[in-house]
Structures are given as C-alpha cells and as structure tokens.
Amino acid sequence: MLVSTRKAILSAGLLVLCLASCAQDEKKSHYRIVSLSPAMTEILFSIGAGDKIVGVTTFCDFPEETRNITKVGDFSHPSIERIIGLKPDLVIVNLPEQSRVKRELEKMNVRTFVSSPASLSELYSELSALGAELGLQKTADSLVSYIKDNLQAEVSSEPKRVYVEISPRPLVTIGSATFLNDLIHMAGGVNIFADLDKDYPVVGQEAVITRDPDIIIVLHPEDITGRTGWQNVRAIKDGRVRTDLDPDHLMRPGPRLVRGFKQLKAAIND
Amino acid sequence: MTKTALIIIIFLAAIAAGILVGPAPLESQILQLRIWRVVLGVFAGGVLAFCGCLLQGLFGNPLVEPYTLGSASGAALGASVGILIFGAINPALAFLGSLGVGFFVYVVARIEGGILRDRLILAGVVMSFLCSSLVMIIMVMGGRELYEVLYLLMGYLGTIIDATNRTMIIALIVVSLVLAALLYRFHRELDIISQGTETAASLGINIQRFSLILFFSSALLVGMTVSIVGAIGFVGLIVPHVSRLLFGPKHRFNLAASFILGATFLLFADMLSRTITVYELPVGVVTSLVGVPFFIYLYRK
Chain A
65 MLVSTRKAIL SAGLLVLCLA SCAQDEKKSH YRIVSLSPAM TEILFSIGAG
115 DKIVGVTTFC DFPEETRNIT KVGDFSHPSI ERIIGLKPDL VIVNLPEQSR
165 VKRELEKMNV RTFVSSPASL SELYSELSAL GAELGLQKTA DSLVSYIKDN
215 LQAEVSSEPK RVYVEISPRP LVTIGSATFL NDLIHMAGGV NIFADLDKDY
265 PVVGQEAVIT RDPDIIIVLH PEDITGRTGW QNVRAIKDGR VRTDLDPDHL
315 MRPGPRLVRG FKQLKAAIND
Chain B
934 MTKTALIIII FLAAIAAGIL VGPAPLESQI LQLRIWRVVL GVFAGGVLAF
984 CGCLLQGLFG NPLVEPYTLG SASGAALGAS VGILIFGAIN PALAFLGSLG
1034 VGFFVYVVAR IEGGILRDRL ILAGVVMSFL CSSLVMIIMV MGGRELYEVL
1084 YLLMGYLGTI IDATNRTMII ALIVVSLVLA ALLYRFHREL DIISQGTETA
1134 ASLGINIQRF SLILFFSSAL LVGMTVSIVG AIGFVGLIVP HVSRLLFGPK
1184 HRFNLAASFI LGATFLLFAD MLSRTITVYE LPVGVVTSLV GVPFFIYLYR
1234 K
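First to last, the protein sequences are chains A and B.
Sequential numbering of the first sequence, starting at 65, is according to our numbering.
Sequential numbering of the second sequence, starting at 934, is according to our numbering.
So that you can see chain A by itself, here it is in the shape it has in the complex (with noise of 0.2 Å):
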C-alpha cells in the first residue's frame, strides 16, 4: 500500500516534469542568440535576425528593440551565468574584449561567433559567414553590398588633416587601430594621429597644437573652441569644429556605417 503510494507520488512528480521541460522544449523552438557586440546586434535586427536575440550587453542601444531585451552585464564584463541562464544556442563575442568570455563559454560547450572586424573586408566576411550561420545569407549578403556600394574611398591629392577627440579630460583621441581611423582616410581625410599603433591614445595639449588639425570632429558634448593655448590651430581659427557627428555611427562596425561615412565625408570635404 505504502509502496505504490510512493510510486504514484514518484510518477505523478515525474509527470509534472515531463511537462515542465516539454513546455521548454516549445519556448525554445526557435533559435536563441545571445549578442555581446553592439554592431552585431544592429547587424542581427537588420539583416533579420532580432526576433533571435534574447540577450544583449547593456551598451547594445540600437535599435528602440534592443530596450526590451534582457541584459547580460556591460561590454566588458559580461555575465557567464546570465549569459548560460539564457539558454543560447549561439553566442556572439567581440574579441580580443571579450576572449575570456569566450573561453569560460566555450568549456560550457556553448557555441559562440567571433566578432573582431579590424577592416572593411574582415566586416564583410564576417556577415556572409554569420548569415551562414542562421540561415540568412541572402539578407546578409545584401547589408554587404549596400556597405560596399555606399563606402566608396574618395581620392584627395591633399588629404585635410582630421583630429577626432573622444573625451576631453583627459585627451582622449583615435590612433591608426581604429575603424574610425579607416574611414577617414576613405572620406578623403588623414588622421593626425594614425602614427599611434594604439585604438584610444590619451595625448597632450601640445601634441595636437603642433599637428595643427585642419579639421576637429568632436564626439563628446564639450564645446572646445574656448581653449587656453588652441586659439590659433588651423581648424579653430578656421571655425571647422564639428560637434555633430554621431559617434555611433562612426564607431561601431554595422549598417549605420553607412550614414557616418556620409557626414564624415561632408565634414571633411565641404
């Protein structure tokens, strides 16, 4: 009596169970992308892969979706456990940010997709094989070519000297490991600082005094025309501060490359 009982108990719990994990079974129908890159994720929503995404990093802030996504931690320090708790059948990591990351996920057997784009082209392979992937490669495909056609490189016999500044206290600014750097060059334009092998150099007052910019791009809303020592560099004197590019658009490899390229070009060449 007190035997099956139990049994009963145990059947009935192992029903219940049963259930439960049926019922994930059907959430998790679809496939689940965890993206710790905030120019993949623009890239996933825009070659249609949002409706995938059930993690994102708390800098991923485009497009509006992204807002009701769960949070896994910040771009640098991400959260293994909430990353795993989310189920994802594929992870996208940016290197060399993010290699620990992907290791700790890696000895979990989870599958990740590295994101490290140190050039255009390297950005263009890297979205025909992430259409691959998922099963989106014509989509993919046609974010290249719409990259592709609109970054065309201008050719300028006399390339403006460009200084970008990041932050201002201290001097923070690009050096020539940036995409940023590229993009310049492109839009007919040459980076005073591309001799720096670095991505965010910190430099000194004097440093940009003596480069004597033709050009400053702003991407922090400090105004700095008002400067103690900068009164006389080329770009001030001749009123071409630019304080209205969107550093988003500069800065992270993805569709809205597009429209950055596009001011960056006007601000260098009009």
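If you are wondering where the hints come from, they were derived from the structure by calculation, not from laboratory data.
Check before you lean on any hint, since a few could be wrong.
Said to hold, decoys possible - Below, computed lysine to any residue pairings styled on SDA-like, alpha-carbon distance capped at 20 Å: (1) A:K116 <-> A:F126; (2) A:K301 <-> B:I1093; (3) A:K262 <-> B:L1079.
To be verified - Covered stretches of chain B (in silico footprint by chain A; criterion: 3 or more residues with CB under 8 Å from a CB of chain A, positions within the stretch not fixed): (4) 944-958; (5) 1082-1092; (6) 1202-1214.
Even glycine gets a Cβ: it sits at the ideal position worked out from N, Cα and C.
Got chain A sorted already, so can you dock chain B onto it with the hints?
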C-alpha cells in the same frame, strides 16, 4: 644660507625646465600651456608637501600625509561622484569627500584628551580602501568617464583650461595659498607640539582645538588640490623628510622648504611625464616611480 640658496636655484631651474622642455617646439600657444602647467605644478606640489610636513609635525608620525590619512582618497571619491553626476569635477563634492573622510578618521582616532597616533593611520588606510572600492563602482558604472577618473586617481597637470574652469581654478589656488600662509603662522606651536604633547599643554596650547583646526584645514587644502589636479601621491610623504634632513626640525624653515621642494619635485615629475612617452602619463605615475627608490635610499642612508 647656502642650502636655502641651493633649493631656490633648483626650484628656478625646475620652473625653467617646466617651460622649456616638452614634446613640442616652444611657441606662443605652447608657452601658454606650459605656464599653466608650471602654475598648477607649483601650487599642487607645494601645497601637498606643505600639508604633509604640517601633519607629520602635528601627529609626530613620519608616515602621515594626505594619502595615508585618507583625505586624498576621500577627495578623489567626491570628485569622481561629481564626474559621474555632473560630467565634471565639482570642488564642493571633493571638499565634502576629504572633510568627510577626515572627520571619520578623526573620530576613530580620538580618545579622551587627545589622539591615538597609530589609530590615525590605521583609520586613514582603512578609509582609503573604502573610498577605492566606491571609486571602482563609479568607474564600472561610468562609460567614457573611466579615463577621467583614472587620471584623477593618479593626478594630471595637463588638464584643459577654458572659460568653464579658469576662474574656479584661479580662485581655488588663491584661497589655498592664503590658507597655507595662515597655517604657516602656527610654526612655533608645531615646534612645541612635536616636542611632546605634555610640554605643549603645560605651555597653554589647547591641543585638542589646535589639532582639529590644522587637521581639517589640511583636509580642505587637499580637497582643493585634488579638485584641480587629482590625487597625486608621494609628494606629501617624501618631501617633508628631505626638507627635515636639510633644515632640521624647526617648522619655520621646514614648512617653507617643504613647499618649495614639493613644487620642484612635482615640476620635474611632470616634465618627465609628458616627455618619456608619446602619450601623456598621469604625473602620479612618475612621482611614485621616482619617489619609491628615493625614499628607500633615504632610509638606507
């Protein structure tokens, strides 16, 4: 007399080097920047070393300085909060930080009729750790503010001067120099207190009140320095030792020499920080790199 002449000559040499040596050829725009850097260097180095000398004399402890007493870290915390909230350093928050931490340290170290000197450092170091973790939280929460907080923590003289901060910086410098000059007048009392608190009490000095005034005035001075150039370590610790080695224990000479030597030290450190790499290093990196071996050498001698 010759020693005095010597440190003044070295001080003038440091000013000249601060203006003449740098990554860019000297022209009028660059000159303006270098003059500002020299002004900030003289002010910050002088005030920090002066405070260190004052506190070391007051508490009779060679390890006391704005850093080990926690007020520099408190000011850095206040300034970081300002960066996070207002996007810029807010001096009032920096004072609040340095005075707040100073108050806590003082309460912990205070006993009936005086201050426990060992407990003072302990409380200061503990509070510094607390401030560091809070600053860390701010650094993680902030995005582009991260660099600014980092340079604030190590100190930087190459900050941009424009209409938004010029008046404030000049005002802070003037106020702190006046405050330092007022504190300098207490050199006799400091001499007596460093002989021993009992002697001082028997000579009619109200030690409790006296240390309270000096302690919080120096915390305020540190708050002002940090809100302009960030928290620069080692100047307040090692410079007073050098000054004592040269001029003996009398605070009349010691405080003044600390100011001049501190300014000199920071000017040379800043000159190195902007020339040894193509990047701009925080000046605190250099003061520690130079300061630590120098300190060890002094104590082995």
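Hints, verified against the model:
1. For the proposed pair A:K116 and A:F126, the alpha carbon gap of about 15 Å is at most 20 Å, so the pair holds.
2. A hinted pair counts as satisfied when its Cα atoms are at most 20 Å apart, and A:K301 with B:I1093 qualifies at roughly 18 Å.
3. Proposed proximity of A:K262 and B:L1079 is supported: the alpha carbons are some 18 Å apart, at most 20 Å.
4. Coverage of the segment 944-958 of chain B by chain A holds. Counting CB-CB distances below 8 Å, 4 residues qualify, and the rule asks for three or more.
5. Here's how the segment 1082-1092 of chain B fares: 4 of its residues keep a CB closer than 8 Å to some CB of chain A, so the rule of at least three is met and the hint holds.
6. Check on the segment 1202-1214 of chain B: 4 of its residues sit with their Cβ under 8 Å from a Cβ of chain A, so the three-residue criterion for coverage holds.
When held up to the earlier numbered hints, the structure conflicts with none and fits them all.
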